[in-house]
Each structure stands twice: as structure tokens, then as C-alpha cells.
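Quick mapping for you: the protein sequence lines, in order, are chains R and G. Numbering follows this note's numbering, with no gaps: position 76 of the first sequence is 76. Numbering follows this note's numbering, with no gaps: position 287 of the second sequence is 287.
Be careful, since some hints might not be right.
A pair holds if it fits inside one copy or across any two, identical chains being indistinguishable in the list.
Okay, derived cross-link-like pairs now, DSBU-like style, lysine-lysine, Cα gap no bigger than 35 Å in a straight line [what the hints assert, rightly or not]: (1) K70 / K190; (2) K314 / K279; (3) K356 / K70; (4) K172 / K70; (5) K29 / K197; (6) K314 / K200; (7) K279 / K172; (8) K197 / K74; (9) K29 / K74; (10) K279 / K74; (11) K109 / K314; (12) K132 / K7; (13) K356 / K314; (14) K74 / K109; (15) K279 / K132; (16) K190 / K109; (17) K356 / K197; (18) K200 / K172; (19) K70 / K279; (20) K29 / K200; (21) K190 / K314.
Please keep in mind that the hints were generated in silico from the structure rather than gathered at the bench.
There are 2 protein chains.
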Amino acid sequence: MDSVATKTFPAEALHEFCARVFIYFGLSKSDATQAADVLVAADLRGIDSHGVARMSSYVGQVSEGLINPKPQIKLLRSTPSTATVDGDNGLGLVVGPRANQMAIDLAEKAGAGWVAVMNTNHYGIAGYYVLKAVAHDMIGWAMTNTSPIVAPLWGMERMLGTNPIAIAFPGKNEPPIVIDMATCTAAYGKIEMALRKGEKIPEGWAMDDRGYGTTDPADVMAGGALLPLGSDRERGGHKGYGLAIMVDLLSGALSGANWGPFAPSFAVAQALPTRSVGKGIGHFFGAMRIDGFIDADVFKSQVDDYVRVFRAAKPAPGTTGPLLPGDPEREAERIRRDNGVPLILPVVEELRAISKSTGVPFH
Amino acid sequence: MDSVATKTFPAEALHEFCARVFIYFGLSKSDATQAADVLVAADLRGIDSHGVARMSSYVGQVSEGLINPKPQIKLLRSTPSTATVDGDNGLGLVVGPRANQMAIDLAEKAGAGWVAVMNTNHYGIAGYYVLKAVAHDMIGWAMTNTSPIVAPLWGMERMLGTNPIAIAFPGKNEPPIVIDMATCTAAYGKIEMALRKGEKIPEGWAMDDRGYGTTDPADVMAGGALLPLGSDRERGGHKGYGLAIMVDLLSGALSGANWGPFAPSFAVAQALPTRSVGKGIGHFFGAMRIDGFIDADVFKSQVDDYVRVFRAAKPAPGTTGPLLPGDPEREAERIRRDNGVPLILPVVEELRAISKSTGVPFH
Chain R
1 MDSVATKTFP AEALHEFCAR VFIYFGLSKS DATQAADVLV AADLRGIDSH GVARMSSYVG
61 QVSEGLINPK PQIKLLRSTP STATVDGDNG LGLVVGPRAN QMAIDLAEKA GAGWVAVMNT
121 NHYGIAGYYV LKAVAHDMIG WAMTNTSPIV APLWGMERML GTNPIAIAFP GKNEPPIVID
181 MATCTAAYGK IEMALRKGEK IPEGWAMDDR GYGTTDPADV MAGGALLPLG SDRERGGHKG
241 YGLAIMVDLL SGALSGANWG PFAPSFAVAQ ALPTRSVGKG IGHFFGAMRI DGFIDADVFK
301 SQVDDYVRVF RAAKPAPGTT GPLLPGDPER EAERIRRDNG VPLILPVVEE LRAISKSTGV
361 PFH
Chain G
1 MDSVATKTFP AEALHEFCAR VFIYFGLSKS DATQAADVLV AADLRGIDSH GVARMSSYVG
61 QVSEGLINPK PQIKLLRSTP STATVDGDNG LGLVVGPRAN QMAIDLAEKA GAGWVAVMNT
121 NHYGIAGYYV LKAVAHDMIG WAMTNTSPIV APLWGMERML GTNPIAIAFP GKNEPPIVID
181 MATCTAAYGK IEMALRKGEK IPEGWAMDDR GYGTTDPADV MAGGALLPLG SDRERGGHKG
241 YGLAIMVDLL SGALSGANWG PFAPSFAVAQ ALPTRSVGKG IGHFFGAMRI DGFIDADVFK
301 SQVDDYVRVF RAAKPAPGTT GPLLPGDPER EAERIRRDNG VPLILPVVEE LRAISKSTGV
361 PFH
């Protein structure tokens, strides 16, 4: 991002703008605030692709009637520790937090809780959800399937989403360990950024539309695909492919949502999938009480010890030594809470256009 | 394996030999049979490194009193859907199946069941366990931590095990989808095989003892380390590192077992870790009733559809097209059930030595 011009905004200002825009489009005040929370959490944590940069797309879908601004979330089935809910085609930013809270509530009583969600839409960053469970001394899990952009190993079509998985473990005095990762090698946002900068992408990230590896980001845009984590067979591409399937089956097939190549597209303008095998996309949330397994204080002290042991590890040549999962996002949040959120100018323009069309002020 | 001399044995003969050897070393008949089941399942499924090739090591540990042949597994804590058990330093091949069954039993009543296991030892292939849940129309999960051989991203020491994760989903008319993967780029067994054949290993698999990438398998043996799935930062090595931590915390820290660099070694001859932060190594098993989320028949039909859609995907150039996770192991099992299990000669020699010292016949 460094060489790209940006304009910086206080997180609070972005939050207020998004909430007011969501209210303008018919969301209740509490849903609008919740949706803004999830979006701005992404910007604060440095995951720029999943924050207010997506407002334009969300707003487009709500205003065109493709997303329901007032979803009535329905419980379809439950046991003491599992449930499935129908998100009523609401914003994932609204449906996701409610379903995640249901998983926490189930865990409170049964020790662990799992909620599959169908008929929903993109839910922002997975890391947002797992930190909610952590605040209850639980281990949080979150997954979602997404529209297809990743090729299966040995395939040459876009058949899987970036299908992220997140899991978080609370520490006692140290911060939580927060794993939040797409199951492909590199995020789509990195391809877009390379294209913008006129740079090549590394070998192992993508294939062109004929199924050959490419280092030209334009090839991905022109019908190519991203590669699963591991890139190729030799370096474990079957593992990233397997993880993407895991997320897809838990989020999509288990909830009654669409899966694989049939997951509906995020952006309104993109082509619709050829078949429907369910409703909307799907999420999968989990929460486990730590004291369902071990004294919570003992566990959190072990996490502290874990963090310190790995921080003290001998650095590989040319590096500053191992980080812990969640460190980069935490560091971004520390800086951005103080200094504001830098937005690239195309995003600023999009927000200004939304401001103009809705009358919600944006400075 | 193709160019290495082998001798082939019927799976039943290997099973009987292992069971009788385990009985010789003090296991009950049912535990011995169970342990042999897990071991031979690995050989049948083509995961040669985790089958009877490990008998010599298991037998060494039991005969030296390092592993308890008659473990009394104790329930330490439970909720309706979680439990922690102390494996009483038994063979993982005995403790693992019992704890896995507990997870299935919990799921039967609560919808989902999760069992963390401490004070246990290596448990064979993760894929064995998850197929048990599948037989109950459940989604099965299995993880274990293992002794350190993998470097954290940006570190240069062995601090994590190969820490596998497995998950399986039943199909209706199609076979189950079985994901069973170490969280490092390549299995240690592949390094050993390359060394044996005098071949180089691919870039991205390993580092030498100074922290530099290497293609010489001897460097790994001489104090180097394997790399996490993704290999380096650019290609997502932080993701494989994160997955290894996830498995380690769920299996180790959550159960009260050792974790990270402190997980005890598998082979008796290896150096003991410098600190103890728990008891033995740890496993983590899960089971989820499919009908806790959706009609089981509907889900299994969706899995069938999933399998067919991915099999029909356009092949990438030079490949036969996408496989489904579990296909290679299933194909190996089909062949080996008919034709027997090929063992490399050093393994045959080890089994003959066990036969000689125990008097259990081996042909």
C-alpha cells in the first residue's frame, strides 16, 4: 500500500458514516451499528479489502433489492450444541454476528456450540467473530464460503471461494492468538494491488485461463484463477484444496446454502452461477468453553507461555523472528486507532458517491 | 516407492502379527486388536510411514517401560458436549480410539462432542478416527500434536510437530470426502525416502540448521527443519504455521499435554525436550451429528453432488483433473486389500527382529 496515495479518516467517522448509510437503506439502527462494527473492524485491523472498501458493493446490493435490509433470522433446527439458521438473505454483517452469538449461547450451556447459516451474504472478516467468543473465555471458530475464484488442485476452473477459516484462543496477560486465513495462497486483493502498481505476482499464486501458472495479475482478471494454499501438488496444494472443501461443506452443504462453483457472486455486476444448490452462501460458527476441557486460567497461562516461547525463537536469517497469529492485525489496530484509517483514493471516491446519493455527510 | 525393493504381505497377516506382538508386551487382547487395526489401516491406505513401519518404535517404547501397556483412561472433566481424558501414558493406538468413541457418544446425545486427550502417545493416522464418526452419519474430526520437526515461519528451530488435522464427511452413494493432512509442506517420510534414493527434495520443503532453504535431504537430518504448509511468507507459510499452532493448542494446551518444542519425541533414541509443560502429547477428537444441522440424507446427497461436480471439472494441462480428498488412500486400499501390502526391506527386517525377540511368527 505504501506507494499508493491515501487519505486518512478516524475510525469513528467511518463507523458513523457506514451506520447512517445502512440506516438510510432500511436497516434498523442496531443492525446498522452492528454492520458498521464489523466493517470498520476490518479497516482497523489492516484488512483493507474487507472494510469500507466494500460499502459500495453492499449498498448496491441492498439498494437493488438483492439483499434484505430487515432479515427475520429463523432457527431451522437445533440440538443442545448445534443449530442451523436461515439468514433471510440479510447482510452477512448483520446475520453473522447474530448466528455467532447463538453459538456462544449454546456453548454457555452445552460446553460447545455450532451454528450453520444458510441464505446469507458476505460477512466481513472472520477474525471479528472469533474475538467475540474469546471475550467469554471460549475458543471461537468462524468460516464462510465465498464466490468461486480458486481452482481445485489439478483443475483449471474457478470452483471454490477463498473460503477463510478463523480460530482464536485467549491469553491471560498476553493478547489472544488469532488465526484468520483464506485457504488460498494469496488474497485476491493482492492481485488487484499488483495490477494497480504494474507489478508481477509471485509464482504459485495464480493460473491463467488455460490452466498455466502465471505471474501476470491481468491473467487472473481475464478468466484465470487463484491457487489453493500450497500452490501445487509438490508443495501441498492438495492440502489447501482440502481445507477449502472443508470450509465449503461446513458452511455451504451443512447449512443448506450454495457451495463450490454455485456460490453466488459478491459483486452485483458479476455473472450469476449456472445452478443453484441451496440458498445464498453459508457461514459456520463455533464456540467452545475452555473450562469444558481445563481450568480457563490454566489454559490462558499456557497461551501466555506459548506466545513467549515462540516470540523468543531464534530468527531465520533476514527475518525478525516468528510472529504469533494476530500480531500484524493487532499492530495495525494500535496504529490506526491513534492515527486513523488510510483509504486509497478510489475507495474515498466511492464513499463520496454514496454520500452524494444518500445525503449522509462524509468528510 | 516404485524403485525401492519391497516384499508383499497380506493385510490380515500383518494385523495378526501386530496384535500378537502387542499381547506379548502386555496389552489386553481387545486393546492389541484395536492397536493393530489402526496400524494396518495406515498400511492399507498407503500411508506407509504410519503403519507397521512404526512397530519397532512402539515395541521399543513399551518394552522399555516408556509406554503403559495397560492404561486406565480417566475422565478429567466434562460438559454435555466436551470432555478431557487422561490417557494414562498408553499407546495412542489404544487411547485414541477410546477417546474418539467418547466424542461420538457425546455427539449422539448433545449434537456434537469434543474430547481433548492428554498423557498419550502417537496415535497412527488421523484418517482412521474420522471414518468412525462417518459410519454414524456424523462429521468426524481428529487432530494430534507430535514431536517438533517443523520451524515456525521466520524461525529456524524445530518447534512444532507435523500436527495433522483430519475431517471426514459421509456421502450417500459416493465415498466419503476424507481430508487428512499434516500442516507442514511435505511429510518427514518423503525426506527419508529422498535420502534413501539419493535424490534432491523440492525447494520449499525444508531448511538447514542455519535457517536457509535447502534441497538436500541430509540437511534436514543434520539439524534442519521442515517448513509449514505454504513454505514461505510470500506463498502463505504463515497460514501453515497458524494451522500447526491451532492443532497444537487444541491437542496440547487444551488437554494439559505438552505442546510445541516440548512435545516428547516419538523415537526412544531421540533427545528429550528441555522442559515439560504437561503430560505426554495430546489429541483432539470431534464428532458432529449431521442431523443436528440438516437432514442427513439431504446432506449426503449434496456430498455426492459435490464429488461429481469436482470430478467433472476441467483438468489443468498435464493432469488427469481434480481428485477428491480421500481418493488416493481409497485407491491404495482397494489395491492392497486384493494384492497385499508392500513393505520396504528395512521394515521387513525390523518385523523379523521383533518376531525373533518375541517368538511371534512372521512370514
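Quick rundown of the hints versus the structure:
1. K70 / K190: within (34 Å within a copy, 55 Å between copies)
2. K314 / K279: Close across copies (25 Å), not inside one copy (49 Å); limit 35 Å.
3. K356 / K70: within (24 Å within a copy, 75 Å between copies)
4. K172 / K70: neither (39 Å within a copy, 37 Å between copies)
5. K29 / K197: Cα proximity of K29 and K197: none, with 39 Å in one copy and 67 Å across.
6. K314 / K200: both (32 Å within a copy, 26 Å between copies)
7. K279 / K172: Between. Shortest inter-copy distance 21 Å satisfies the 35 Å Cα cut-off; intra-copy 41 Å does not.
8. K197 / K74: neither (45 Å within a copy, 60 Å between copies)
9. K29 / K74: Close inside one copy (20 Å), not across copies (51 Å); limit 35 Å.
10. K279 / K74: within (14 Å within a copy, 45 Å between copies)
11. K109 / K314: neither (43 Å within a copy, 47 Å between copies)
12. K132 / K7: Result: close within a single copy only, 30 Å intra versus 55 Å inter.
13. K356 / K314: Result: close neither inside a copy nor across copies, 54 Å intra and 45 Å inter.
14. K74 / K109: both (21 Å within a copy, 23 Å between copies)
15. K279 / K132: both (26 Å within a copy, 30 Å between copies)
16. K190 / K109: Neither. Shortest intra-copy (42 Å) and inter-copy (45 Å) distances fail the 35 Å Cα cut-off.
17. K356 / K197: Within. Shortest intra-copy distance 29 Å satisfies the 35 Å Cα cut-off; inter-copy 69 Å does not.
18. K200 / K172: neither (43 Å within a copy, 45 Å between copies)
19. K70 / K279: within (17 Å within a copy, 52 Å between copies)
20. K29 / K200: neither (44 Å within a copy, 62 Å between copies)
21. K190 / K314: Both. Shortest intra-copy (29 Å) and inter-copy (26 Å) distances satisfy the 35 Å Cα cut-off.
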